[in-house]
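2 protein chains.
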Amino acid sequence: MAAFGFQGTRDLSPQQMVVREKILDMVIDCFKRHGAKRLDTPAFELKEMLTEKYGEDSGLIYDLKDQGGELLSLRYDLTVPFARYLAMNKVKRMKRYQVGKVWRRESPTIVQGRYREFCQCDFDIAGQFDPMIPDAECLKIMCEVLSGLQLGDFLIKVNDRRILDGILAVCAVPQSKFHAICSSIDKLDKIPWKDVRHEMVAKKGLAPEVADRIGDYVQRHGGVSLVEEMFQDSRLSQNKQALEGLGDLRLLFEYLTLFGIAEKISFDLSLARGLDYYTGVIYEAVLLQTPAQAEECLSVGSVAAGGRYDGLVGVFDPKGHTVPCVGLSIGVERIFAILEERMKTAGLKIRTTETQVFVATPQKNFLHERLKLISELWDAGIKAELLYKNNPKLLTQLHYCEHMGIPLVVIIGEQELKEGVIKLRSVASREEVAIKRENLVAEIQKKLSES
Amino acid sequence: MAAFGFQGTRDLSPQQMVVREKILDMVIDCFKRHGAKRLDTPAFELKEMLTEKYGEDSGLIYDLKDQGGELLSLRYDLTVPFARYLAMNKVKRMKRYQVGKVWRRESPTIVQGRYREFCQCDFDIAGQFDPMIPDAECLKIMCEVLSGLQLGDFLIKVNDRRILDGILAVCAVPQSKFHAICSSIDKLDKIPWKDVRHEMVAKKGLAPEVADRIGDYVQRHGGVSLVEEMFQDSRLSQNKQALEGLGDLRLLFEYLTLFGIAEKISFDLSLARGLDYYTGVIYEAVLLQTPAQAEECLSVGSVAAGGRYDGLVGVFDPKGHTVPCVGLSIGVERIFAILEERMKTAGLKIRTTETQVFVATPQKNFLHERLKLISELWDAGIKAELLYKNNPKLLTQLHYCEHMGIPLVVIIGEQELKEGVIKLRSVASREEVAIKRENLVAEIQKKLSES
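Keeping their order, the protein sequence lines are chains C and L. When we follow the working numbering, the leftmost residue of the first sequence carries the number 1, and every step to the right adds one. When we follow the working numbering, the leftmost residue of the second sequence carries the number 452, and every step to the right adds one.
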């Protein structure tokens, strides 16, 4: 377990950083494969920019102390800053990715890989386009990332805010309760229907028969055939919003089939997503658990999510001009946690440095020669180290190489100096060859390219 | 000029991000070449960890609002968190680098490339070693980075806190005024001696003859010969601390000569560095200005700095056990500003995406074919885009490629579909070749590897 600087955040050790960088590189590669540009925004935003964007979770926003000047808050996600950027710069069309930390004042539950500071990787497509083409690409990206990281089988749940609103409307839920009821529905992946129903009735004041009508819908999930079935639903088919949502989902499934990923997607009527800004299709990827791993996987939860938010940019524009957007966020922290755990279980040793050559000597008073030599290596772009000692023992130096996984050692001593040579030793095979001092860099580069 | 989110911070556009990532890659490559491991620490630390570490600049620390729990502050640099990490984890030896943002409540002066949020790249060596070997490596790294980035000629000023303290002692400055007088001396690179002297006498209450004695020392700079000269100085040679500092500098110059960088180093008795935690050798790299560029370069100031801080880890250790440390920080923000300016002047167009292939059609109702085709490319790891339109015009599609610098276009239409081929078009030469649909991926990969 990593050490905690204080409750809820942590330092990331070199071992952890190696795993994280590999994962981030893979995610970023995927985002670039889909033509995204990279954007960066500040860690804090004006406090007012973040209010009323995150529904029930707004209390989790970190505020900065008022030390004079504007009131500031740490960013809670990368979506709101992106929308603010688009509005501020009057950008009407942009495919961007952003990788960065966000901060939330959550009760830290370490086992779930939840921290108060965590990294997000977001990909979003802003602009007015023909329906569902960018949305389908977002789902394709989620599949590519999750397959690429070899996390095991996964499923992407899809729903549409308009279908959900339509369901609530045809079930006669008062408009003022939509938000509260949605957040109850969203819990269906964690608690059984009877508990959700209880919450709706006892805590949120819904009539029991209304709750039951909702239950008939939201407990359903399936593929494109469920979309068609809902089109035939006597009540839902009367609701304009729901029909729009269903029409978009039908089209989405068409495109997902062309992308060869339709079987990874489940139309799930209980998916609600907590954030206020979503307006259309929403989705969430979960890892599927084989029984043996059930407990471990259960604690991991969603590993990627996103949706369409067509109104958010307009909120930041002085004239209310909006830009339709759709995007996704990869929950890399949870992925880090899974892969770290897997590597620990497998007992894999991770190299935390990339040093290629170690400069050693068996003799005393050879610091000057070592420094001259290593300087040559560095200047040739070779990754090299030595011990910061005037007279280290040869065994100490060789042990260091073995411990750190450094493949090559250059040895210089009295004899070598006299003959104008250098010994080049392979740490794994313990083979040593003498090479001419002037060929040192070339020989090392040859050796490194062979391995 | 980049847009300001609010006073003192800014969004970084895709163009800026491309430049930054190139620079950061180069810096990180250098750090890895010297065997460093990567560490990451949270954006905020316990407030108490940061107090009394930064001298006169402590007022610039951003505090978080007290929302319950610990009092937190945004990190001000990467050095203090590193020392805290070493103490907390009882690490006695570590060569680490860290790249991340830090925050300071400074008055933003955009022309100097100073912002309230900025990126730092730090390399540090912690551990008890033989003197000046790690220190010399830090200076070598600064040279490698600054040469590698081709920023023009530069100079690294070197001094030692103990020499500075020795000077103040032999000049009869009261111990209680050391800090205040040091910070006056540190201004000598920006304002002339007479103004510094005035500050010492009028504002800081130093006797004029004491100030004059200080002036005789701190206006001097030179190479290793100045070190030898100071050894002979009748007053300074009586001061134990100064002698230790001079002895270390003599050794340092010996190693710098072996590294071939002694001519880049200037022993500068006015260099003081503001931060409280330095205990030994200190250094600061400045770009040298040719007269024509004088105004521009003057505003850039120091681009890298660092020093030895042997006491800082002990401050965080419950038993006061310390770990000697030496390190450096690359002022990448200033380097970004210089290189961005240079690219703007040169009128260089920067590609902000890496898309290799665009999927186009000259006909209506070809969206399905385009989606199937692009999905194949993505699955083969090829970076590909299409327009999110059902029926885009061919000209619009080709213009997009030219505008975005995409080198290849795959064209599919009625005729191609019938014949089982695809047209592959080079955007630059406008050449088109027909290739078999089943060879598409292989042909594209071949084409891309040729260019």
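It is possible that part of the hints are untrue.
[To be verified] Keeping only pairs whose Cα atoms sit at most 25 Å apart, straight-line, the calculated SDA-like set for lysine to any residue is: (1) C:Lys32 x L:Glu472; (2) C:Lys101 x C:Ser176; (3) C:Lys344 x C:Ser266; (4) C:Lys389 x L:Leu522; (5) C:Lys22 x L:Ile479; (6) L:Lys543 x C:Gln289; (7) C:Lys264 x C:Gln289; (8) C:Lys65 x L:Glu472; (9) L:Lys823 x C:Asp153; (10) C:Lys47 x L:Lys473; (11) C:Lys90 x L:Thr460; (12) C:Lys418 x L:Gly551; (13) L:Lys483 x L:Leu522; (14) L:Lys483 x C:Arg425; (15) L:Lys473 x L:Arg793; (16) C:Lys47 x L:Ile479.
[What the hints assert, rightly or not] Chain L is nowhere near these chain C residues, computed Cβ spacing over 10 Å in every case: (17) Leu12; (18) Pro14; (19) Lys37; (20) Asp63; (21) Leu64; (22) Gln67; (23) Met88; (24) Asp130; (25) Pro192; (26) Arg342; (27) Ser375; (28) Leu398.
Source of the hints: derived by calculation from the structure; they are not laboratory data. Beta carbons: idealized from backbone N, C-alpha and C, even for Gly.
What hint numbers does the structure not satisfy? 2, 3, 4, 6, 8, 10, 12, 13, 16, 17, 18, 19, 20, 21, 22, 23, 24 and 27
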